[in-house]
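One letter stands for each residue in the lines below.
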Amino acid sequence: MNENTLTVLVADDDVTNRLLLEAILRKEGYDVIHAEDGREAVEVFERERPDLVLMDIRMPELDGYQATELIKAMSGDVFVPIIFLTANSDVDSMVKSVEAGGDDFLAKPYNRIQLQTRINALMRIRELYSTVRQQRNELIQHQKRLERERQMAKRLFANIIHTGSLDQPNIKYLLSPMSLFSGDILLAAPKPSGGLHVILGDFTGHGLAAATGALPVSSIFYGMTSKGYSIAEIVTEINTRLKTILPVDMFLAACLIDIDTTTHTLTVWNGGLPPLVVYAARQLAISQRIPSQHLPLGIIDGESFSRRVEVVGIQQGDRIYICSDGVLETQNRQGEMFGRDRFNALFEAGLVPQALFDTILGRLSDFQAGGLQQDDVTLLEICYDQSLLDQRTGTIEEEEGGRGRFSAAPSSWGLTLTLTADLLKVLDPLPLLIQTLMDLQGFRGQRQQLYTVFSELYSNALEHGLLKLDSSLKANASGFVEYYQAREQRLAVLSEGEIRIDIRHQPDAGGGRLTITVEDTGDGFDIDSALLPLTENLGHAGRGIQLLRSICDEVTFQGSGNRVQAVYRWR
Amino acid sequence: MPVTSTVSADGKDITIIISGRFDFAVQNEFRDCYHSTGPEDGVSFTIDMNKASYMDSSALGMLLMMREHLGGNSADITINSSSADISNILTVANFQSLFKIA
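Protein sequence lines, in the order shown, are assigned to chains A and B.
Going by this note's numbering, 128 is the number at position 128 of the first sequence; the sequence numbering is gapless.
Going by this note's numbering, 74 is the number at position 74 of the second sequence; the sequence numbering is gapless.
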């Protein structure tokens, strides 16, 4: 039997009719099988699976209607056309045959052309039906596979873009992606010197494509933060990477912040996000609004990219708010947007800070009230709580240890580094220096301590030695801001002077002894006054020296005070 | 038509007029307005958004594509907009450093 030959089942109790139909059908090239009554029709159908059925209505055992119902049920989602053979075209039998599942009628006496036309038409439908069914099945398979992949990617994504240090009692956030993957990212990481780095970003578009861009951002952000880089350096690195990998029409609007608990300052780089808001706990009003001042990330090349940051003071209990534009563009049923005015008004009602976040969420959800979400929505609140932010969590060290890096037994070595004014202007040498020490000796569990020691020694040499900044400026919080502005200005025009860092290491009783000497070409300072005991030194200034003494075994000032030597023992 | 364009008699000035929502739905029409022009043609473009009601970040992306196509830093593109919302979106993204905003 030819594969392509169609088989037609003729079910009729009248042998003359059967032979007549068979003759016509065979002449047209069909294979023909018969049944003499309804029950046999069902049995033959089940066995032979013909492509089409011609069904008489009045038959013994089962009539044509009953046989049709059974056959239709049996064929499931395969379309088997059934044509009823009727003596006359009375409406009643037509209705009944349609109800039973019949697809067409053929009135006696049979006409060859008519029969052929009906069969052809139904066969075309059958073919179409089978194509659609096949495509539907492929689509379902495809959908299932895609869903599995998406779920797997989502888990993988979640592991890489872990939210880091967001789960603290002083941090509240809403991340509401419009699809499985968010085009918004929100990451936080503790700094090795205490305090917190946060990035909130919003990629062009939504879903997987947007989320993929988040992978390099997260690795740069976590990696560089843990190594002690500043947000200006981190944002520059992220921009360079995104410029390389993103298509021209894709970019990342982002806000990076550095919350510093030592200086009580908030450092902000905002490129393309709505203004960052600081809500002052004492005044119950906005104390700072830092609007976007830069292009979003990934648009322009390194040279024209601006890493300029804003530094503002911050006080205990103040709350910092950052959001993606999805918050302002939340739409109600009428397609109207929530907008800047409604958002700003929330901060002008004199609410207690504790109530603000929930109030904002409440207003947003009341406003949206069943309107469709059009964009990823992300909102972050951080309460400036010094003791919580200052907790130096173990995460950085764990990551270090987990890398299983080779670590030399304590040995003797030395390192001398001379930093010129030209270099100091463009580079913060600390992250590189600390990384070099970690690679050289593998000071397990010592990174944060070492970072603090080097950071205090280096800042002292740079800020007081070369930049000649006066610590007394730092007597109050607003002075801090002034101090850091002056630091930035003076550093930008620094033309002479250098800092020499000398590091010696000796093995010592299961650990080592690190002698660090930092010398600058500045004028030095009055050693005696800086060495007052802590009880007589309550200002913001001079705390660096106290901090050094608490970590190091010895701290000595030499020369005119422009040379400091610290000895740090580790095990 | 949400996106239409007019060309000056000497062919050196092309104005693209956008009305209604400026978002991904009009990307093909928008692209067609500048695609046959190259960086060497010395054409000045004006994007008239006075009749646009809204633009989203994909529209910002479309503007960046256009700028890149017309030679990046040497592209001559002016954006006109009287809508406060649209001006705000352009300002927040600091697009005044890449385009002339009138």
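Check each hint, because a few of them may be wrong.
What the hints assert, rightly or not - Under 8 Å between C-beta atoms, here's a sample of chain B residues computed to sit facing chain A:
{"hint": "1", "residue": "M1"}
{"hint": "2", "residue": "H35"}
{"hint": "3", "residue": "S36"}
{"hint": "4", "residue": "L64"}
{"hint": "5", "residue": "M65"}
{"hint": "6", "residue": "I101"}
These are computed hints drawn from the structure, not numbers from a lab.
Every residue gets a Cβ at the ideal spot worked out from N, C-alpha and C, and that includes glycine.
Checking each numbered hint in turn, tell me which of them this model violates, lowest number first. Of the numbered hints given earlier, those the structure breaks are 1, 2, 3 and 6, listed in rising order.
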